[in-house]
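Chemist: Sequence:
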Amino acid sequence: MQNLIVLGTGHALVTQCYNTCFALADDDDYILIDGGGGNGILSQLQKAKIPYAKIHHAFVSHGHTDHLLGMVWVIRMIGSAMAAGKYEGDFKLYCHDELASALHALVKITMDKQIIDLISRRIHIISVADGQQEELLGHTFTFFDLHSAKAKQFGFKIHLDCDKKLAFIGDEPYHPLCQKYVENSDWLLCEAFCLYAERELFKPYEKNHSTVKDSCQLATLLNIKNLILWHTEDKNIGKRKALYTAEGKQYYKGNLFVPDDFDVIAL
Numbered sequence: 001m002q003n004l005i006v007l008g009t010g011h012a013l014v015t016q017c018y019n020t021c022f023a024l025a026d027d028d029d030y031i032l033i034d035g036g037g038g039n040g041i042l043s044q045l046q047k048a049k050i051p052y053a054k055i056h057h058a059f060v061s062h063g064h065t066d067h068l069l070g071m072v073w074v075i076r077m078i079g080s081a082m083a084a085g086k087y088e089g090d091f092k093l094y095c096h097d098e099l100a101s102a103l104h105a106l107v108k109i110t111m112d113k114q115i116i117d118l119i120s121r122r123i124h125i126i127s128v129a130d131g132q133q134e135e136l137l138g139h140t141f142t143f144f145d146l147h148s149a150k151a152k153q154f155g156f157k158i159h160l161d162c163d164k165k166l167a168f169i170g171d172e173p174y175h176p177l178c179q180k181y182v183e184n185s186d187w188l189l190c191e192a193f194c195l196y197a198e199r200e201l202f203k204p205y206e207k208n209h210s211t212v213k214d215s216c217q218l219a220t221l222l223n224i225k226n227l228i229l230w231h232t233e234d235k236n237i238g239k240r241k242a243l244y245t246a247e248g249k250q251y252y253k254g255n256l257f258v259p260d261d262f263d264v265i266a267l
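Mapping of the sequence shown onto our numbering: position 255 corresponds to residue 255, and the numbering continues sequentially without gaps.
Among the clues, some could well be false.
[What the hints assert, rightly or not] Computed beta-carbon distance windows for the label pairs: (1) G38 / K207: 30 to 40 angstroms; (2) T245 / H124: 39 to 49 angstroms; (3) D90 / T245: 22 to 32 angstroms; (4) Q46 / Q114: 21 to 31 angstroms; (5) K253 / H175: 46 to 56 angstroms; (6) N3 / H147: 43 to 53 angstroms.
Since the hints were derived computationally from the structure, they do not count as laboratory data. A quick note: this is a predicted structure, and the numbers were derived from the prediction, not measured. No residue lacks a Cβ here, since even glycine has one placed at the ideal position from N, Cα and C.
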């Protein structure tokens with residue numbers, strides 16, 4: 001994997017940016033991680049110059065609207081491309097078992113028959129279990145249960161080139177049972193709903209989310225080299241990068257990234 005392409009950086013109810021999702025790029029092939037909350041994902045992919053024909057793998061972390069519903073549109077677009085003879089090979093989407101059942105149901109009630117008929121033939125919705133490993137684009141992904149306090153949610157770790165490791169822990173606070181997957185990672189992708197200084201304004205703990213301070217202290221504790229913070233509020237998005245970086249650097253001395261939509265981060 002050479003690059004991480006940021007497609008969205010906001011939480012569920014943002015209007016100034018897209019919901020948090022991203023793609024991992026390996027040459028001209030892509031793995032899509034989450035889909036945001038609707039057909040806005042189509043615009044995000046277009047602006048990032050990611051063609052559907054080059055997306056052959058995807059992962060959905062959990063069933064909340066701002067992560068799942070965009071992936072339904074991706075399935076529709078890829079299925080349509082398959083039906084038109086404009087997509088080579090199969091599309092594989094990985095998620096936990098409950099979400100796999102929900103996706104099958106959503107496809108059945110929202111898609112035309114020509115796309116429904118592709119499910120399990122060329123479009124594969126693959127259930128993953130805690131600790132399960134899969135090879136995607138020549139890289140080993142280990143999927144793991146995030147032990148979410150709300151909807152069931154999975155993350156993953158991936159072995160990058162040069163023996164580096166990247167861990168994605170979804171959009172809820174870290175659970176200690178995930179330590180063996182996350183500790184000593186070269187990259188950690190982590191939610192930070194708002195500044196700790198603005199916790200009374202945005203109420204992150206009531207929503208089971210973290211602040212910038214919390215996530216940066218976690219990265220220090222887990223010996224993380226590079227930390228990406230997203231899934232944020234958007235009320236002051238023009239100054240978000242500067243404000244979040246300033247607070248984060250008080251608690252974390254590694255490389256801190258607070259991306260905007262469409263940023264490309266070299267891994």
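Chemist: Look at each hint and say if it fits the structure.
Modeler: Hints, one by one, checked against the model:
1. G38 / K207: 30 to 40 angstroms: violated (21 angstroms)
2. T245 / H124: 39 to 49 angstroms: holds (40 angstroms)
3. D90 / T245: 22 to 32 angstroms: violated (41 angstroms)
4. Q46 / Q114: 21 to 31 angstroms: Once the Cβ atoms are compared, 23 angstroms apart, the range 21 to 31 angstroms for Q114 and Q46 holds.
5. K253 / H175: 46 to 56 angstroms: violated (24 angstroms)
6. N3 / H147: 43 to 53 angstroms: violated (30 angstroms)
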